[in-house]
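Single-letter residue listing:
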Amino acid sequence: MATKEGTGTAQPRRDAMGTVLAALNKLASTEVLDRFGLRKPVERGLYEATRSGFTAVGAASRTFASATKQSKPKRLPSAPERGLFDLTPDEEQGMIRETVVEFAAEQIRPIAADADAKCEAPQGLLSQIQELGVTLVGVPEELGGLGTERSAVTNVLVAEALAHGDMGLAVACLAPSAVSTALVQWGDETQQSTYLPAFVGDNVPAAALTIQEPTPLFDPFKLKTKAYRTAGGFVIEGVKSLVPRANQAELFIVAADLDGRGPALFLVESGSAGVTVESEPAMGLRAAGMGRLRLDKVALPATALLGGGKADVFAECVRLSRIGWCALALGTGQAVLDYVIPYVNDRVAFGEPISHRQSVAFMVANIGIELEGMRLLTYKAASRAEQGKPYAREAALARKLCADKGMLIGNDGVQLLGGHGFVKEHPVERWYRDLRAIGLVEGIVLV
Amino acid sequence: MPNIVVLVKQVPDTYSERRLSDSDHTLDRDSADAVLDEINERAVEEALLIKEAQGGEVTVLSVGPDRATEAIRKALSMGADKAVHVSDPALHGSCVIQTSKVIAAAVGKVDGVDLVIAGNEATDGRSGAVPAILAELLGYPQLTHARKVVIEGTTIKVTRETDEGLTHLEASLPAVVSVGEKINEPRYPSFKGIMAAKKKPVETLTVADLGIDAGEVGLASATSTVVEAAPKPPRAAGQKVEDEGDGGAKIAEYLVGQKLI
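Order-wise, the sequence lines are chains F and W. Heads up, the first sequence is in our numbering, so the first residue is 1 and it goes up one at a time. Heads up, the second sequence is in our numbering, so the first residue is 448 and it goes up one at a time.
Keep in mind that the hints were calculated from the coordinates and are not lab data. Just so you know, even glycine gets a beta-carbon here, dropped at the ideal spot from N, CA and C. Hints may be right or wrong, so weigh each one.
[Stated by the list, open to error] Short derived list, chain W residues pointing at chain F, Cβ under 7 Å:
(1) Tyr635
(2) Pro636
(3) Phe638
(4) Lys639
(5) Met642
(6) Thr670
(7) Val673
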């Protein structure tokens, strides 16, 4: 039963709410709306009406249309070779990190608990992030961005700094950048000129790179979401899980098995017929507004295939995303360390600070040591990736270490606070829940 | 379209341990992280707000060692247009009057200045005197401790806030304004601003470039020197009043004893 549900073939049983929603969905997919130009207001209404425990058609999507024709796609060149492995951020990276660190401390950390409870990132924060220009770094100058070269290391520094504020909100903030980065890396000239202008404009669309499926022992290289070639393009079908800001996303990049030959990436606009989203709050990353994306025989144009469906494109996507998750683990892991050090020094038990106990002091020291190891591996993987060197091994090592130690650090953070760790007054329980995601999540972020 | 000069200063981070060097009691710059003084961020923000509303140009002016370029870069990344950096080893240990003379000369290097904006007091020296001395040297009106600044044509109106209360000031441009904590909330530099900052012009000047003799500045000819420095004694523990039903009376007794009531 569980596996059947996992594939998304089983229809959810309908209660009263479901019946109403089904009717609403039917209304949403009628052509009448299009004919009278009513689609946007009506769909927004639908979404608001069904927000609590929603199942709704994908967010009303803007019209993405290729504006100016490019002769060929624009890619960012590799970063210059750095010779000796050098971890010193350059001046710009340093200033970017400093700005994001400050931003995360002042704007993200204070609202994190609330966003976690509400399972939603506040719109104000998302527009602030957009004003900062987080998405622009990965888009070439010719396409309206700021990038002059690949910037995996900068992206890692940004993700790390944001996750020091809160991992769930960091994911919500970074989700659109993953889609724009994928378009820069693998999009052809039509795809770039159709979608990228929106990502460098004043109103960056919510967007999500989604690989994850609700399957036990999920393997990103064996996907249950299937795509088949048709006369006009493709038909795609399946269920995607842990999709950030699912109810707002206007554009998805969906990983699906193409003609039974292996995984490929597809551009799916949320307005396409057969696209529905439903909320799927998880244990952690709740502020990212996670949802499930159902693709019910969605017809896609031939131009929807990203990167020509090449196997190495997909493998690279998975690797770059895993480096992104490592960066998030670093930020939240560091947050744990920065929180427990003053705590164990101030907390007095048996007449002295608990940090005088070796069992406490060693645990804190180990967090510091593991964190530095995680950081070195992650930076190294990102640095090799942006220089165009092979980085499969480094990415895998970083992922393994960050998944294992990230989880351990989350656990130790709770443990070190004793009973205080268990309650929601302290953020360590949230960090524990978030850090458990590192080892199991695929996609969503990209460096 | 006012032409604005913002004075910025790099100071040791308030969160780090700040020290004076043992030999000459000047600031030990190596012992602490250096940052753009927070009040200067507000000064830059105010200049940018005026520029965004009325046009004009914002020039950042800093006097400090080579390392102060970091503070200048930060101000430029927020959106200032260009910078003047006076850097000279001869300036080491300068007093407020010497510093103000140097700043006045450097302001003279910027064409057609309408407004000079400074923070009211740096977090390191805390003399809080430079804006006033500078106004005197430049012959400009001084409008200090501003919590609100309005420019209408060639008139500037300032709401001045001190411990005594609010004062409403008005003067004609050019003028010197110093801003207080409540003036605004400074923006975060955008990534675009950060990337653009390195392309913005920074003019580096020595005291000789300003037509000032090196002997007139620096510790040797300073009008004031630090004779001694000692850390603040830790605060003594307060007096605890146990409330055994008569807590209020005891507190009143104490206050009467201190002649407070």
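Hints, one by one, checked against the model:
no.	hint	verdict
1	Tyr635	5 Å, holds
2	Pro636	5 Å, holds
3	Phe638	4 Å, holds
4	Lys639	5 Å, holds
5	Met642	5 Å, holds
6	Thr670	37 Å, violated
7	Val673	31 Å, violated
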